[in-house]
Amino acid sequence: GAGVSQSPSNKVTEKGKDVELRCDPISGHTALYWYRQSLGQGLEFLIYFQGNSAPDKSGLPSDRFSAERTGGSVSTLTIQRTQQEDSAVYLCASSLGTGELYEQYFGPGTRLTVT
Amino acid sequence: QKEVEQNSGPLSVPEGAIASLNCTYSDRGSQSFFWYRQYSGKSPELIMFIYSNGDKEDGRFTAQLNKASQYVSLLIRDSQPSDSATYLCAVKSWHGGSQGNLIFGKGTKLSVKP
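Chains as they are written, first to last, in my numbering: chain F, 1 to 115; chain H, 1001 to 1114.
Certain hints may be false.
[Said to hold, decoys possible] Here are the simulated lysine-lysine pairs, PhoX-like style, with alpha carbons at most 20 Å apart:
# : chain 1 : residue 1 : chain 2 : residue 2
1 : H       : 1002      : H       : 1056
2 : F       : 11        : H       : 1056
3 : F       : 57        : H       : 1056
4 : H       : 1056      : H       : 1042
5 : H       : 1106      : H       : 1002
6 : H       : 1002      : H       : 1067
[What the hints assert, rightly or not] Covered stretches of chain H (in silico footprint by chain F; criterion: 3 or more residues with CB under 8 Å from a CB of chain F, positions within the stretch not fixed):
# : segment
7 : 1014-1028
8 : 1034-1045
Treat the hints as calculated values from the structure; they're not laboratory data. C-beta: ideal position from N, C-alpha, C; glycine also.
Generate coordinates for the entire structure from the input sequences, incorporating the hints supplied.
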């Protein structure tokens, strides 16, 4: 079946502009996670959704970052007033649930470049 | 701060050899462990998941878990040049407000030489 999809695949934006990144999880997956991967850095957890609810936003790097999920499916990650340090690959993963035995499957990512 | 440590490599092995990738973790309460393969410019791809102490085999891949030593490894038998990639070790986190997000090591770069 279809995997996790993300759009756009690449985004170049000017410093100070807002960007919106989209994730479409595997059908039926109730849990959705956002991570980012910066050059030379490991994968960093940002936020997760169980259904439409994001119980913990503490992983978001600053208040310029926000995320929402609607209809228990598509999620958008919004970065306001982008800064050069926001340049990274933003990865979305989905899972059937949040328990120990549930595996997470990643989408292809959105490469964000802030100039 | 929960940590996952991996040797960054590069680990170079000849084609047909066994590649051994290692990972240690700091949270003694961790229960489930994942190995992802990441080709350059691509997203992580799940290879193996292990929950119980001991070995778990899937084709040419074997994951080994030793919770007492807080150590998890991935063995790749009959290594092929197509196995050349960065291998990421990940542990599920349940602390604070987290609900099953993964904490990743920085990955080991494997190079299989023909």
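Taking the hints in turn, this is what the structure says about them:
For a cut-off of 20 Å, the pair hint linking residue 1002 of chain H to residue 1056 of chain H is broken: about 25 Å separates their Cα positions. Distance check on the hinted pair: residue 11 of chain F and residue 1056 of chain H sit about 40 Å apart at the alpha-carbon level, beyond 20 Å; violated. Note on residue 57 of chain F and residue 1056 of chain H: the hinted pairing is violated, with a Cα-Cα distance of about 35 Å set against a maximum of 20 Å. Proposed proximity of residue 1056 of chain H and residue 1042 of chain H is contradicted: the alpha carbons are some 26 Å apart, above 20 Å.
Taken as a hint, the residue 1106 of chain H and residue 1002 of chain H pair is honoured in the structure, with Cα atoms around 13 Å apart against an allowance of 20 Å. A distance of roughly 15 Å separates the Cα atoms of residue 1002 of chain H and residue 1067 of chain H; the hinted pair therefore holds under the 20 Å criterion. Figure legend: the segment 1014-1028 of chain H, annotated as covered by chain F; annotation inconsistent (0 residues with Cβ-Cβ distances under 8 Å, at least 3 required). For a cut-off of 8 Å, the count of residues in the segment 1034-1045 of chain H with a CB near a CB of chain F stands at 6, and the three-residue condition holds.
The structure shown violates the earlier hints numbered 1, 2, 3, 4, 7.
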